[in-house]
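Chains as they are written, first to last, in the working numbering: chain X, -4 to 79; chain S, 27 to 520; chain R, -5 to 320.
Do not rely on the hints blindly, as some may be mistaken.
Quick list of in silico lysine-lysine cross-link-like pairs, DSBU-like style, CA-CA up to 35 Å [what the hints assert, rightly or not]: (1) R/Lys168 <-> R/Lys255; (2) R/Lys66 <-> S/Lys89; (3) S/Lys29 <-> R/Lys72; (4) S/Lys29 <-> R/Lys66; (5) X/Lys49 <-> S/Lys29; (6) S/Lys69 <-> S/Lys89; (7) R/Lys214 <-> S/Lys39; (8) R/Lys214 <-> R/Lys168; (9) S/Lys471 <-> R/Lys51; (10) S/Lys89 <-> R/Lys10; (11) S/Lys491 <-> R/Lys51; (12) R/Lys41 <-> R/Lys51; (13) S/Lys471 <-> X/Lys49; (14) R/Lys10 <-> R/Lys66; (15) S/Lys383 <-> S/Lys307; (16) R/Lys51 <-> R/Lys224; (17) S/Lys383 <-> S/Lys502.
Don't read these hints as lab results, they were simulated from the structure.
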Amino acid sequence: MLVPLHGFLKGDSLGLVVLVHDHDTMRRVVSSLQQAATCRVAPVPPDGLRVWVKGAALDPDLTVAQAGLEPLDRIDVAPNEVTR
Amino acid sequence: MLKRDEWLDLARKLDWSFSYVDEREVFPEVISGRPWLAQDAWKDWDEPYRTTYAEYVTNQHAKDVALDAVREAIGRVEDFQKHDASWLNGLKLHVATLPLAEFAAVVGNLRAGRFARDSAWRTTAALGALDELRHTQIPLLLMHDLVQWDPQFDWTHKFFHTNDWVAIAGRHLVDELLLTANPIEFAIATNFVFETGFTNLQFVGLASMAHHVGDRMFEKMVQSIQTDEARHAQIGGPVLQTVLKHDPAYAQYLIDKWFWRSWHFFAIVTGFAMDYLTPLKDRTASFKEFMEEWTLDQFARSLEEYGLKKPWYWDQFLDGLDQYHHMVYASAYTYRATVWFDLTLPGPEERAWLRLKYPNTWDRMEPIWERITERARQAGPGVEWYTHGVTPVAFCDLCQLVLCEGTTDANSARTYAHEGRKYIFCSEPCQWIFQTEPQRYAAHKSVVGRILAGEAPPNLLELVKYFGLTQEMWGKDVAGGSYPWLVNAKTNGA
Amino acid sequence: MTRRRTYSHLSQLGRKPSDYDIATSNLLYYLPRGFEIQSPLSDWYAKYQVGSRFQCKDWEAFRDPSETTYAKYTERQKNKEVFVEGLLRAADGEYDARLTSHWITVLDRVFAPMMFPVHGLQMVASYVGSMAPSGRIVVACALQAADEIRRIQRIAYRVRQLQSVHAGFGERAKSIWLTDVMWQPLRKVVERLLVTYDWGEAFVALNLVVKPIFDDFVTKQLGEAAMSFKDDVLSRMLFSLGEDCAWHRAWSTSLVSTVTKSAPEVESVVAEWMDQWRPSAQAAVYAFAPIVSSVVANGGSAELQSDVGPSSTSSGIYDSRGSRVS
Chain X
-4 MLVPLHGFLK GDSLGLVVLV HDHDTMRRVV SSLQQAATCR VAPVPPDGLR
46 VWVKGAALDP DLTVAQAGLE PLDRIDVAPN EVTR
Chain S
27 MLKRDEWLDL ARKLDWSFSY VDEREVFPEV ISGRPWLAQD AWKDWDEPYR
77 TTYAEYVTNQ HAKDVALDAV REAIGRVEDF QKHDASWLNG LKLHVATLPL
127 AEFAAVVGNL RAGRFARDSA WRTTAALGAL DELRHTQIPL LLMHDLVQWD
177 PQFDWTHKFF HTNDWVAIAG RHLVDELLLT ANPIEFAIAT NFVFETGFTN
227 LQFVGLASMA HHVGDRMFEK MVQSIQTDEA RHAQIGGPVL QTVLKHDPAY
277 AQYLIDKWFW RSWHFFAIVT GFAMDYLTPL KDRTASFKEF MEEWTLDQFA
327 RSLEEYGLKK PWYWDQFLDG LDQYHHMVYA SAYTYRATVW FDLTLPGPEE
377 RAWLRLKYPN TWDRMEPIWE RITERARQAG PGVEWYTHGV TPVAFCDLCQ
427 LVLCEGTTDA NSARTYAHEG RKYIFCSEPC QWIFQTEPQR YAAHKSVVGR
477 ILAGEAPPNL LELVKYFGLT QEMWGKDVAG GSYPWLVNAK TNGA
Chain R
-5 MTRRRTYSHL SQLGRKPSDY DIATSNLLYY LPRGFEIQSP LSDWYAKYQV
45 GSRFQCKDWE AFRDPSETTY AKYTERQKNK EVFVEGLLRA ADGEYDARLT
95 SHWITVLDRV FAPMMFPVHG LQMVASYVGS MAPSGRIVVA CALQAADEIR
145 RIQRIAYRVR QLQSVHAGFG ERAKSIWLTD VMWQPLRKVV ERLLVTYDWG
195 EAFVALNLVV KPIFDDFVTK QLGEAAMSFK DDVLSRMLFS LGEDCAWHRA
245 WSTSLVSTVT KSAPEVESVV AEWMDQWRPS AQAAVYAFAP IVSSVVANGG
295 SAELQSDVGP SSTSSGIYDS RGSRVS
């Protein structure tokens, strides 16, 4: 199932709508959003980035479904060490 | 001849007590506005201009003759062709948002001409409707011949008829502010906040830049319009005064709501023009400086005069003043095919100026422009797509603009569930406006909502068609990526 | 691709667009798309505009026969006002002192209170404009409302002039409007017009019935009475104000013929509304017959015309003077 998410990449100027599969991992979500913002935000190695939801960094191996993400939820992609 | 004040009041105070119908039937609250007060509460309504009909048509005719003379002298296509390309794109942005919004204001003023609660107010509003008709027709006529030369000027008329995301946001604002507002909300929102609070940005600020650029046509047009606005904006004060007496919380609410909504509009239309589309040498001040001088000081003063508080989100607003339009501009540049005007890539000198004017925040924007610049250089002139986004962007469910509030580090967008539906807002004030009157806003579908509902296509190339744009029309880089500073790698724009 | 010569919505015009085409076409973007917000007035528009029986397939087909743009309007009206100002300058103290006391009594009762009903007509014109489904109708209504402001202000000005010579003149204008039996039928019509919210009915009642009858009374009957009392200034002033009313009638006639051409079935709707409004509008003007008769008895030549139109129409739509409008 496709899940549209409101994605915010740290360093970007706006929110985007990224379409991911419910079986995609957070690692995949990170690279989708990086790709979507690539003309504004230079990609950094994705390993240092995490998907953040409601202040918590999600495990990169977690899938969208496992993370309980639903359509139009907000996710942030930011460095691992950042606390939000 | 008699002096105006010897006879005018006879013609201005014409309310009477109805015998054959009920006052509440003649002025239903839904269309007259609240607080609903008997006519007696409004009977001292007055404004300082007190223009007579004869003065009105005489003065207005003289203004039109003067403007016509300017048009005759410098209104030809060749005259426009002389201007800087980027300035002309600021002009396209302005003239698209102007005429049909002004016409919505004709309708709003006519409603006040019928349902405002005092005859002098109604009469001033009816003449206000004529002013707004003038502001509809002048730009339509002035820009008409330019479509032969540059098809993007077609959007002078077309803009509000399209599903372009800026047009959706524009209608969302204008429908509520001008087209369907009751006379009380109209007077406070349009006359007091929008016209008194903000339009000097255009009339003084942008006019001074037009003067520097040498665009006398635009300068004279906005100055001529300003003289009308200054007069009919006076409707707001006395209405606010009466509402304050009877329902001060509602008055404060209208101020807070409409200051925020107006701010977003001007941040984009005027912010883009002043800080990006006006050639560097012609910028007389930054958008923020004009806002501080012409909006904040004056607006804060007049709020104080009325015993009103600054809007509760004032600190957030001040933060945004340093940031918001920069966030939107960078976003719009990389989605320029979704608008009807071209955008400029700020070069090293422009960015140095922006850093100077926005010392606290510009460093956050800088990496974005470095990235765009790097890609523009890699792509070379004429390649638009390499510096253009392809993923759909998200929109605020209140202002319908891109989610650009907050900073590049911490975007202030917030999600919110209401009656089983999920909404997203760019900022706390937008959410607050929504939550205060959800019945007004909850049913609306943003562009994203339309895509998800299958009403609009998800693919960006298809989506721009839904926006009403064709390749001929859609926004491009003003210089087609050919900037002298871009070829020299050593001046990497940093 | 052929070279663009005009805005895209005018490209099918087949001729060079006039200023009127450019400045008045397709100005209402909310039709038919609706509003982006659920306005408290959404239901009002649904009921009184979209739900009106006054319907037309193509509202944009309507054109004001005078093609009045803002610039054209202010020029035209400025010139009229120069003319009227010349007249009023002539009405100095000596002129006003020469008017007979009988005529002054008539004016005190019939002329001075007129500002109130005309303000009602101004309000209804504004209303019709705010609800009209075509930009060109909005424009015509806005200008018509302004014309009524003109009429009110010229009456007020003249009242003040007369007051300076005839003490107390016009001071009872409001109480006459509120209590004088002669004014009550008109007051009832105006008050009912104010609560007629179907925009089509409001337009028909105002511009095809009430105004033609009332404006005729003001311009012709009162104007002729003024002539017979050697009040040339008033007669000529009313003539100038009557020119505005003639334009209101002209654009209204054009609107009705646009509508009935596209939707013949609307003809009967218009006729029905006209039939409903005509008797009370006529009665409102007939109520002034006693004073106009007394004008005649005092040597004036004016009399109230009885040819205010057939009381019902079996074929076609007539304005209230009996002129066929479709």
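Hints violated by the structure (listed by number, smallest first): 1, 5 and 16
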